[in-house]
Amino acid sequence: MEAGMVIGQTTARHLAQLAEVSTAVLFMDIVDSVRLIEADETGVVARWLSFVDELKADLQARTTGRIVKRMGDGLLLEFPSVEDAITTAFHILDRVSLMNTGLAPAAQIQMRMGMHVGKVIRSPERDIFGKQVNLAARLMTLARAGQIVTSADVRDAVTDGVHADFEDLGECYLKNLAHPVRAFLVHPQGTSLQTLPMLVAEDLLPTIAVIPFTPKSRSERQIALGEIIAEDIISALSRSTDLHVISRLSSAGFNFSAHSLKAVGQALSADFVLSGTYVGDDRNVTLNVELADVRSGRVIWSQDLTNKMAMLLGKDGALQSLAYDIHQAIVATEMHRAQSKPMPTLESYSILMGAVALMHRLSRRDFDYAGELLRHLIERVPNAPEPYAWMARWHVLKVQQGWADSVERETKRALDRTQTALRIDPLNVPALVSEGFALTNLKHDLEEALDRYDHALEINPNEPTGRSLRGMLHGFQGKGELAVRDTERAMHLAPLDPNRFFFLAMAAGASMANEDYSRALELTRQSLRLNRMHTSTLRMKAVAEMRLGREEEGRQTASKLLKLQPGLTVDSWKKGSPSARYPVGQHFAQSLKEAGIPEN
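UniProt numbering numbers the first residue of the sequence shown as 1 and each following residue consecutively.
Derived by calculation from the structure, the hints in this document are not laboratory data.
One or more of the hints may lead you astray.
Calculated cross-link-like contacts (lysine to aspartate or glutamate; reagent style DMTMM-like; alpha-carbon spacing at most 25 Å) [unchecked claim]:
no.: 1; residue 1: Lys-593; residue 2: Glu-551
no.: 2; residue 1: Lys-479; residue 2: Asp-451
no.: 3; residue 1: Lys-479; residue 2: Asp-571
no.: 4; residue 1: Lys-119; residue 2: Asp-156
no.: 5; residue 1: Lys-575; residue 2: Asp-416
no.: 6; residue 1: Lys-175; residue 2: Glu-54
no.: 7; residue 1: Lys-574; residue 2: Glu-458
no.: 8; residue 1: Lys-412; residue 2: Asp-451
no.: 9; residue 1: Lys-56; residue 2: Asp-84
no.: 10; residue 1: Lys-575; residue 2: Glu-599
no.: 11; residue 1: Lys-131; residue 2: Asp-416
no.: 12; residue 1: Lys-479; residue 2: Glu-447
no.: 13; residue 1: Lys-593; residue 2: Asp-571
no.: 14; residue 1: Lys-563; residue 2: Glu-553
no.: 15; residue 1: Lys-574; residue 2: Glu-552
no.: 16; residue 1: Lys-131; residue 2: Asp-73
no.: 17; residue 1: Lys-593; residue 2: Asp-516
no.: 18; residue 1: Lys-216; residue 2: Glu-227
no.: 19; residue 1: Lys-560; residue 2: Asp-571
no.: 20; residue 1: Lys-216; residue 2: Glu-167
no.: 21; residue 1: Lys-593; residue 2: Glu-515
no.: 22; residue 1: Lys-341; residue 2: Asp-32
no.: 23; residue 1: Lys-479; residue 2: Glu-458
no.: 24; residue 1: Lys-69; residue 2: Glu-20
no.: 25; residue 1: Lys-262; residue 2: Glu-38
no.: 26; residue 1: Lys-574; residue 2: Asp-516
no.: 27; residue 1: Lys-131; residue 2: Asp-156
no.: 28; residue 1: Lys-341; residue 2: Glu-38
Start from the sequences, fold in the hints, and give me the full structure.
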């Protein structure tokens with residue numbers, strides 16, 4: 001008998017043994033299980049196995065459902081009705097709470113669950129399969145610790161006998177599903193939703209504490225200076241939108257003579273601690289500064305600084321520059337952590353900071369990995385708008401760097417991401433800015449893009465990215481003065497931004513629209529010193545050089561540009577540029593041609 005006939009007969013036999021049944025499916029797993037097991041492998045496994053045995057016995061006694069199978073740190077269960085499934089899910093959360101009694105918060109086991117009802121395929125071994133089972137598993141990824149997320153089918157199947165409240169999460173995008181799914185949080189009737197807070201932006205930010213600097217001379221006057229130095233650094237770091245900075249009053253009581261790094265980190269819930277010593281007088285002061293990572297206990301950055309007192313404490317003095325270096329050290333640490341550790345073990349802020357930093361390196365390998373990190377973060381915290389907003393920017397940059405196979409597909413994906421973010425939070429500024437970015441650069445709909453930027457800046461007038469992008473939009477239209485006003489203001493608002501090259505590039509484009517080519521050239525040089533891979537900046541530099549009569553330099557810059565973007569032509573630039581239909585864009589295209597960029 002031929003192999004094909006044997007396989008066919010075996011397949012037919014299995015098909016005859018499968019049964020299609022309607023059932024309520026419940027997936028559940030341990031939240032952050034990798035971290036828990038790393039901290040206490042034996043204890044966590046023992047508690048989990050004991051919990052599963054008790055749950056199995058309880059289900060058998062009540063005959064309301066069954067455990068289909070164990071999957072490491074998770075379970076698949078099925079129930080004859082959604083009422084049984086919901087009641088059991090509430091009972092499980094109560095059991096988990098009881099199991100955690102007396103344990104430190106970091107050692108507690110927390111569960112998340114996903115629930116769906118529909119027809120599944122059951123094997124003779126009583127395993128269950130099918131898209132309804134997969135949907136329950138996907139819904140579980142929307143849940144946070146202590147939460148149960150259900151489909152609309154579950155909500156619609158509930159009778160009046162179940163004391164449960166449902167909170168609409170809206171249309172949610174789930175991995176490997178082409179269309180969004182309506183999802184709901186379910187909790188015992190009358191339970192305050194505030195006990196299950198959604199992730200907010202601050203949860204995606206690392207926290208830094210700056211403790212008073214220690215004088216090498218213990219005079220009262222010297223001690224006061226240490227507090228002033230710490231206060232000025234706190235003030236400078238607080239200008240960053242990428243850090244959560246502990247207030248001066250909270251950190252004022254700590255110094256390393258009496259407290260360890262671990263004690264300071266735990267007391268202030270800080271991920272990084274900045275400390276230092278100093279010596280000096282009213283004229284000059286020398287600082288020895290250290291930034292330590294609380295998790296590893298290591299000093300990740302240090303610097304010695306000697307300066308005049310007036311320059312040190314001035315508004316734009318040495319401490320402002322020091323704050324930038326501190327910020328860059330944190331970004332570098334999180335980027336390295338994101339590259340060197342498995343994603344499930346990373347803190348959410350490590351993933352976000354690492355993704356943003358790698359995305360803006362603009363090397364293809366780093367850029368693609370940034371996309372993987374952002375997709376993982378979206379799965380981990382699907383109710384936070386910020387990862388969706390950054391993912392949208394990733395799609396735009398993919399097109400701008402010439403790496404997209406289909407501009408139309410990347411456009412749809414970018415706008416799908418921003419719409420998801422805005423469904424979660426209609427007033428989310430990063431999402432509004434990202435949508436404006438996509439509308440400008442991918443759809444060339446400048447009117448709608450301007451509406452998003454204006455809306456974002458009404459909510460937060462000091463948002464630097466939105467202001468910079470709005471300035472560039474004015475530049476595309478040839479409104480040079482408006483463009484310069486917004487982009488120069490944005491540079492002032494983002495002194496610590498790790499992607500400062502972007503703000504310099506936008507300001508260069510604005511100066512070019514304002515026909516200030518000397519200023520444009522200087523800004524492109526500063527931008528390229530921070531990121532030599534930014535093709536947009538190279539284009540502007542080449543054009544600025546041509547406009548200033550530095551034709552040989554312009555052609556050299558164009559040659560460097562073509563090495564990074566070998567498929568670039570003047571026609572392809574016109575097709576992709578929002579400014580191509582305006583005089584400023586037409587003149588720009590002519591200068592690109594003169595610099596040596598092929599016309600088609």
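Quick rundown of the hints versus the structure:
no.	hint	verdict
1	Lys-593 with Glu-551	12 Å, holds
2	Lys-479 with Asp-451	17 Å, holds
3	Lys-479 with Asp-571	24 Å, holds
4	Lys-119 with Asp-156	15 Å, holds
5	Lys-575 with Asp-416	23 Å, holds
6	Lys-175 with Glu-54	32 Å, violated
7	Lys-574 with Glu-458	32 Å, violated
8	Lys-412 with Asp-451	19 Å, holds
9	Lys-56 with Asp-84	15 Å, holds
10	Lys-575 with Glu-599	12 Å, holds
11	Lys-131 with Asp-416	23 Å, holds
12	Lys-479 with Glu-447	14 Å, holds
13	Lys-593 with Asp-571	10 Å, holds
14	Lys-563 with Glu-553	16 Å, holds
15	Lys-574 with Glu-552	24 Å, holds
16	Lys-131 with Asp-73	22 Å, holds
17	Lys-593 with Asp-516	20 Å, holds
18	Lys-216 with Glu-227	14 Å, holds
19	Lys-560 with Asp-571	19 Å, holds
20	Lys-216 with Glu-167	58 Å, violated
21	Lys-593 with Glu-515	19 Å, holds
22	Lys-341 with Asp-32	15 Å, holds
23	Lys-479 with Glu-458	21 Å, holds
24	Lys-69 with Glu-20	18 Å, holds
25	Lys-262 with Glu-38	19 Å, holds
26	Lys-574 with Asp-516	22 Å, holds
27	Lys-131 with Asp-156	19 Å, holds
28	Lys-341 with Glu-38	14 Å, holds
Going through the hint list in order, the structure does not satisfy hints 6, 7 and 20.
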